[in-house]
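Colleague: Using the sequences provided together with the hints, build the complete structure.
In the order they appear, the protein sequences are chains E and U.
Mind the numbering: the first sequence is residues 1 to 186 in the UniProt record's numbering, read in order.
Mind the numbering: the second sequence is residues 1 to 701 in the UniProt record's numbering, read in order.
Fair warning: there could be bad hints in the mix.
Distance condition first, Cα-Cα at most 30 Å in a straight line; then the derived DSSO-like pairs of lysine-lysine [unchecked claim]:
| hint | chain 1 | residue 1 | chain 2 | residue 2 |
| --- | --- | --- | --- | --- |
| 1 | E | Lys34 | U | Lys629 |
| 2 | U | Lys594 | E | Lys72 |
| 3 | U | Lys201 | U | Lys423 |
| 4 | U | Lys578 | E | Lys34 |
| 5 | U | Lys375 | U | Lys302 |
| 6 | U | Lys566 | E | Lys47 |
| 7 | E | Lys34 | U | Lys639 |
| 8 | U | Lys578 | U | Lys560 |
| 9 | E | Lys56 | U | Lys227 |
| 10 | U | Lys204 | U | Lys451 |
| 11 | U | Lys285 | U | Lys375 |
| 12 | U | Lys566 | E | Lys56 |
| 13 | E | Lys50 | U | Lys566 |
| 14 | U | Lys487 | U | Lys430 |
| 15 | U | Lys343 | U | Lys368 |
| 16 | U | Lys560 | E | Lys50 |
| 17 | U | Lys543 | U | Lys566 |
| 18 | U | Lys544 | U | Lys560 |
| 19 | U | Lys511 | U | Lys494 |
| 20 | E | Lys47 | U | Lys578 |
| 21 | U | Lys265 | U | Lys285 |
| 22 | E | Lys56 | U | Lys560 |
| 23 | U | Lys623 | E | Lys72 |
| 24 | U | Lys302 | U | Lys204 |
| 25 | E | Lys50 | U | Lys578 |
| 26 | U | Lys201 | E | Lys34 |
| 27 | U | Lys227 | U | Lys238 |
| 28 | E | Lys34 | U | Lys623 |
| 29 | U | Lys578 | E | Lys72 |
| 30 | U | Lys414 | U | Lys185 |
| 31 | U | Lys566 | E | Lys72 |
| 32 | U | Lys451 | E | Lys34 |
| 33 | E | Lys72 | U | Lys608 |
| 34 | U | Lys414 | E | Lys47 |
| 35 | U | Lys285 | U | Lys368 |
| 36 | U | Lys430 | U | Lys201 |
The set of hints was computed from the structure by calculation and includes no laboratory data.
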Amino acid sequence: MVILRCRVLIVGDATVGKTSMVQTFINGPSGFPKNYAMTPGCEIFQKQVKLENSDKVVEFQIIDTGGQSIFKDIALDMFPRSNAVIFVYDVTSQESFRSLQYWIRAARDTLKESYFTGIIVANKTDLNDRIRVEMQEGASFANQNRFEFIEVSALKTQDVEVPFNRLAAIFARNYEDRVQEVLRFS
Amino acid sequence: MDPRDFEKGSRLLPNLGTSTNEIKEIVQGLNGPPFSYNLTLVSFDEKSPQELQELLIDIITKLNPKQKIDLSTDQSEIAQTVVEFLKVLGYTSNFDMEFQRGLLYGDKRILYPIFHYIISNLPLMQARAYLGKFLVTIHVPDEFLVEEDMKELYQTYKELMAQFQVTHQELEQVRQQALPPQELKRDIDQLELEKEQLVTKISKLKARYQGNEEFQQLLEATSKLRKEQEEEAMLVEKLQEQQQHLEWCEGNLMSAQQRLIDIKKVTASDTSAADMLNLLRVDVKRNREFCNERIGRELTEKIKRLEQVEQLLNEPIVSQKDLDGLQNDVRNLQREVQLLEEKANNAQNPAEDKLGVYKQQASLVSKKKEKAIEKLKSLEQEESKLEKKMMQKEKEYENVKGGNKFMSRDEFTKYSQSLRAKKTQYQQMKAQLRDIRADLAVLGRTEKILKGEAEEQIREMRNLEREHGIEGGFQYQEELEKISAAKQEIDIQKGATLDEIAKIVEELDYKIKENRARLSPLVTELRTARARFQELNAEYESKKAQYDTVNASVESDRAKIDEEVKQLLEETNAMESKYHLINGRIQLADAQLKRLLNEQACRNGERKLSSEYNSLQECYNIKQEQQTKLISDLRNKQKMIKETHDTNSRQVKLFSDLRRFLDLKIRVTEEENRGQGRALRGRDLGGEIGVGGVNRLVLND
Chain E
1 MVILRCRVLI VGDATVGKTS MVQTFINGPS GFPKNYAMTP GCEIFQKQVK
51 LENSDKVVEF QIIDTGGQSI FKDIALDMFP RSNAVIFVYD VTSQESFRSL
101 QYWIRAARDT LKESYFTGII VANKTDLNDR IRVEMQEGAS FANQNRFEFI
151 EVSALKTQDV EVPFNRLAAI FARNYEDRVQ EVLRFS
Chain U
1 MDPRDFEKGS RLLPNLGTST NEIKEIVQGL NGPPFSYNLT LVSFDEKSPQ
51 ELQELLIDII TKLNPKQKID LSTDQSEIAQ TVVEFLKVLG YTSNFDMEFQ
101 RGLLYGDKRI LYPIFHYIIS NLPLMQARAY LGKFLVTIHV PDEFLVEEDM
151 KELYQTYKEL MAQFQVTHQE LEQVRQQALP PQELKRDIDQ LELEKEQLVT
201 KISKLKARYQ GNEEFQQLLE ATSKLRKEQE EEAMLVEKLQ EQQQHLEWCE
251 GNLMSAQQRL IDIKKVTASD TSAADMLNLL RVDVKRNREF CNERIGRELT
301 EKIKRLEQVE QLLNEPIVSQ KDLDGLQNDV RNLQREVQLL EEKANNAQNP
351 AEDKLGVYKQ QASLVSKKKE KAIEKLKSLE QEESKLEKKM MQKEKEYENV
401 KGGNKFMSRD EFTKYSQSLR AKKTQYQQMK AQLRDIRADL AVLGRTEKIL
451 KGEAEEQIRE MRNLEREHGI EGGFQYQEEL EKISAAKQEI DIQKGATLDE
501 IAKIVEELDY KIKENRARLS PLVTELRTAR ARFQELNAEY ESKKAQYDTV
551 NASVESDRAK IDEEVKQLLE ETNAMESKYH LINGRIQLAD AQLKRLLNEQ
601 ACRNGERKLS SEYNSLQECY NIKQEQQTKL ISDLRNKQKM IKETHDTNSR
651 QVKLFSDLRR FLDLKIRVTE EENRGQGRAL RGRDLGGEIG VGGVNRLVLN
701 D
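Modeller: Structure, rendered in structure tokens:
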């Protein structure tokens, strides 16, 4: 058994549902917080994901950042120590969607790499009648930035594990490529 | 070498250089003609040196009776003559003193090779001994040849020697060619025998038919018949001859007649000399023409062919394409020629009718001629082919024969000789066969007589039995004899089988004994091996048990350790995870600390957080103020909403109803404007609505 360790940073505006998503991913439907509690600074969690058709396990270290503007500096500090970033927006809030541009730029600036593993997640898809950002809009935006796009609902615990599974697969593939490269050179 | 020989040799002198086979050959030769000593190997071997010497001299005198050697004379003289004789025979040796001494003392080493040499080439030796006397030149010292008489004598001697040689050779040839007199004698004997047989046959026949009166007549008739038959054959032959002759004569006659007619033709008209001359001239001309025509044609043909060949040789290599083109041309030209010919025929026919006939005839004749020539050619070709074939066959024949094309004279003579020999042999065989046949007839006759006698005897026997009252006794006896013979046979067989069985049993016994002897050491070996095996097995068992116990304990230990390792591994993994988690927390804490330090610096006025705020605290405070204000605003809003919720919701309902009504109104008026007949009435909707532009609506409370 091989354990691959991957640190994921979760960013996005306040109240888009970052903590809800993380909690439901880790603890299942019961993890959904009943009341809103602002995340002060950052929280850190761990969860292992077994890869399909492989003996590899990806252990995620999930850093759930606080969305409030006053905690932004902590998030920015954690960017260079992460392997992947999940950008979250709220489908009922145009503003949260627009803010992603800022987050992406910040990530690119700090990581100094034009290409890094990132996934755009649209949360709160259960609120059908209050949707302000259409799915096509989000998908095309993700495509522009060459990120994957996934719609989830933390409340319904719908597809919350999908972004993490995708990340695990990509991470494992990159690891394999690197191993091959090293073998070729040695 | 025979060991016995070796023993004897060691007693006398070592007999080296002669193999036992050679000795055997010597003894055989001495026993055969012309010596016939009746020796055995042993008696020959046991001969004393003196005897051996005598034997040698005896052989020499037998070979050459004129060479007399007196044993009483001096030994060295004897040796000299013997050596000389051996030289004549062509025996190869150094003839030194030792050799002479060996001869004198009868040394086996010297004498045996001489014996062998003479015996193995006896006919040649005889010839040489005979010739040696005449051909070995008498050595005359040169000083004696100075004398005239002596010289002449010597010359004649030489001449005579040469003459002898020639004569001898001729004799040899004659001997070879001529049939040996013995064979001739045999032939004569045979012929005489045949004659005798024939005479006896005739006399027999005569005796048989002596008493018959008609014999004479019959004889006459048969002799006549034979004579007539012979005559008939002769006549048939003659007839054939005559017929052939007749044919030949007829042929002659025909040609003569032809000639006569020709001559008559010539002589029928004017028979002047000039005419005759003319005729002859014409003849000559015709012949010449014939010559010119035929030979000329052949010549032109040959020249043409030559030209063609030359052309072909000169021309560059023709490709398939060129060939096709040329063929096409040829075809075209042929077609043209045909057309032209047809045209020409059409054009000429009516005009020159008379001439045409002749032309036709001429062309026909020429065609015939050509055909005949072609035929001749083909026949010539065939002839040449056949000749070739014949040559081939001859060659083949030569190959088969392996020699000359035909038999040479010598070969032929040889062949005839062999033929003659075969013929005599054949005659002999034939005579033998005839004798045997005669014998067979005689024997058959005697057998028949004897059988008759036997039957008579049996009959007599039966009669006797009948007389004595023991009828059938003879038969019984016969049967008994048969049975006893059969029994004897069976007994013999039985004895043979018994012998065989006994032999087999003996063999088996022997084999068993042999095998037992062979097996006994093996059995003891096996026993020791078994004991050793048991020992080793016990040791093996104990070791195995030891091994098993040790193995079990080790296995359990290993399992335990495995378990432990597993646990530790899991623990390690957990710890590692924890470590990473903690590490992450530390990093977070670092970030927080950094923030804190930053904040501290800001508060001390060393730095500004951002353009808006001096420090984080300020920022917090402002944000808090904003939030509390927001909260109070929101609370007020909530309160207001709670208060006005019922009425407002009623209002909303009413207005939505009003909207529905108005929508309906719009639709109705639109319908009315479009089609008068199919207007919707207010009645239909459950209210009092006027028709045609009057808008009245009564709202019920």
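Colleague: Give a verdict on every hint.
Modeller: Hints, verified against the model:
1. At most 30 Å may separate the alpha-carbon atoms for a hinted pair to count; E/Lys34 and U/Lys629 meet this at roughly 25 Å.
2. Of the supplied pair hints, the one linking U/Lys594 and E/Lys72 holds, its CA atoms being roughly 13 Å apart against a limit of 30 Å.
3. A C-alpha spacing of about 24 Å is found between U/Lys201 and U/Lys423, which places the hinted pair at or below 30 Å, so the restraint holds.
4. Annotation: proposed proximity of U/Lys578 to E/Lys34 holds, straight-line Cα distance about 29 Å (limit 30 Å).
5. Between the alpha carbons of U/Lys375 and U/Lys302 the distance comes to roughly 18 Å, so the proposed pair stays at or under 30 Å and holds.
6. For the proposed pair U/Lys566 and E/Lys47, the alpha carbon gap of about 21 Å is at most 30 Å, so the pair holds.
7. A distance of roughly 24 Å separates the Cα atoms of E/Lys34 and U/Lys639; the hinted pair therefore holds under the 30 Å criterion.
8. This hinted pair checks out: U/Lys578 and U/Lys560 have alpha carbons roughly 26 Å apart, not beyond 30 Å.
9. The suggested pairing of E/Lys56 with U/Lys227 is violated, with an alpha-carbon distance near 134 Å, which exceeds 30 Å.
10. The straight-line distance between the Cα atoms of U/Lys204 and U/Lys451 is roughly 26 Å, inside the 30 Å bound, and the hint therefore holds.
11. With a C-alpha separation of about 26 Å, the suggested pair U/Lys285 and U/Lys375 falls inside the 30 Å cut-off, and the hint holds.
12. Only pairs whose Cα atoms come within 30 Å are accepted, and U/Lys566 paired with E/Lys56 is accepted, the gap being roughly 18 Å.
13. About 19 Å separates the Cα atoms of E/Lys50 and U/Lys566, which keeps this hinted pair within 30 Å; it holds.
14. Annotation: proposed proximity of U/Lys487 to U/Lys430 is violated, straight-line Cα distance about 46 Å (limit 30 Å).
15. The straight-line distance between the Cα atoms of U/Lys343 and U/Lys368 is roughly 25 Å, inside the 30 Å bound, and the hint therefore holds.
16. Distance restraint check for U/Lys560 and E/Lys50: the Cα-Cα separation of roughly 28 Å lies within the 30 Å cut-off, and the hinted pair is therefore satisfied.
17. Restraint check for U/Lys543 and U/Lys566: the C-alpha separation of about 33 Å exceeds 30 Å, so the hint is violated.
18. Distance restraint check for U/Lys544 and U/Lys560: the Cα-Cα separation of roughly 24 Å lies within the 30 Å cut-off, and the hinted pair is therefore satisfied.
19. In summary, the hint linking U/Lys511 to U/Lys494 is supported, as the alpha carbons are separated by about 25 Å, within the 30 Å threshold.
20. A C-alpha spacing of about 11 Å is found between E/Lys47 and U/Lys578, which places the hinted pair at or below 30 Å, so the restraint holds.
21. Between U/Lys265 and U/Lys285, the direct Cα distance comes to roughly 19 Å. Compliance with the 30 Å bound is thereby established for this hinted pair.
22. A hinted pair counts as satisfied when its Cα atoms are at most 30 Å apart, and E/Lys56 with U/Lys560 qualifies at roughly 27 Å.
23. For the hint pairing U/Lys623 with E/Lys72, the CA-to-CA distance comes to about 15 Å; that is within 30 Å, so the pair holds.
24. A distance of roughly 83 Å separates the Cα atoms of U/Lys302 and U/Lys204; the hinted pair therefore is violated under the 30 Å criterion.
25. At most 30 Å may separate the alpha-carbon atoms for a hinted pair to count; E/Lys50 and U/Lys578 meet this at roughly 18 Å.
26. At most 30 Å may separate the alpha-carbon atoms for a hinted pair to count; U/Lys201 and E/Lys34 exceed this at roughly 160 Å.
27. Distance hint between U/Lys227 and U/Lys238 is fulfilled; the C-alpha atoms sit about 16 Å from each other, no more than 30 Å.
28. Simply put, E/Lys34 and U/Lys623 have alpha-carbon atoms about 25 Å apart, close enough for the 30 Å limit, and the pair holds.
29. About 26 Å separates the Cα atoms of U/Lys578 and E/Lys72, which keeps this hinted pair within 30 Å; it holds.
30. Annotation: proposed proximity of U/Lys414 to U/Lys185 holds, straight-line Cα distance about 21 Å (limit 30 Å).
31. Our distance criterion of 30 Å between C-alpha atoms is broken by U/Lys566 and E/Lys72, whose separation comes to about 43 Å.
32. The straight-line distance between the Cα atoms of U/Lys451 and E/Lys34 is roughly 150 Å, outside the 30 Å bound, and the hint therefore fails.
33. The straight-line distance between the Cα atoms of E/Lys72 and U/Lys608 is roughly 16 Å, inside the 30 Å bound, and the hint therefore holds.
34. A threshold of 30 Å between alpha carbons decides the hint, and for U/Lys414 with E/Lys47 the separation of about 125 Å lies outside it, so the pair is violated.
35. In summary, the hint linking U/Lys285 to U/Lys368 is supported, as the alpha carbons are separated by about 22 Å, within the 30 Å threshold.
36. In summary, the hint linking U/Lys430 to U/Lys201 is supported, as the alpha carbons are separated by about 17 Å, within the 30 Å threshold.
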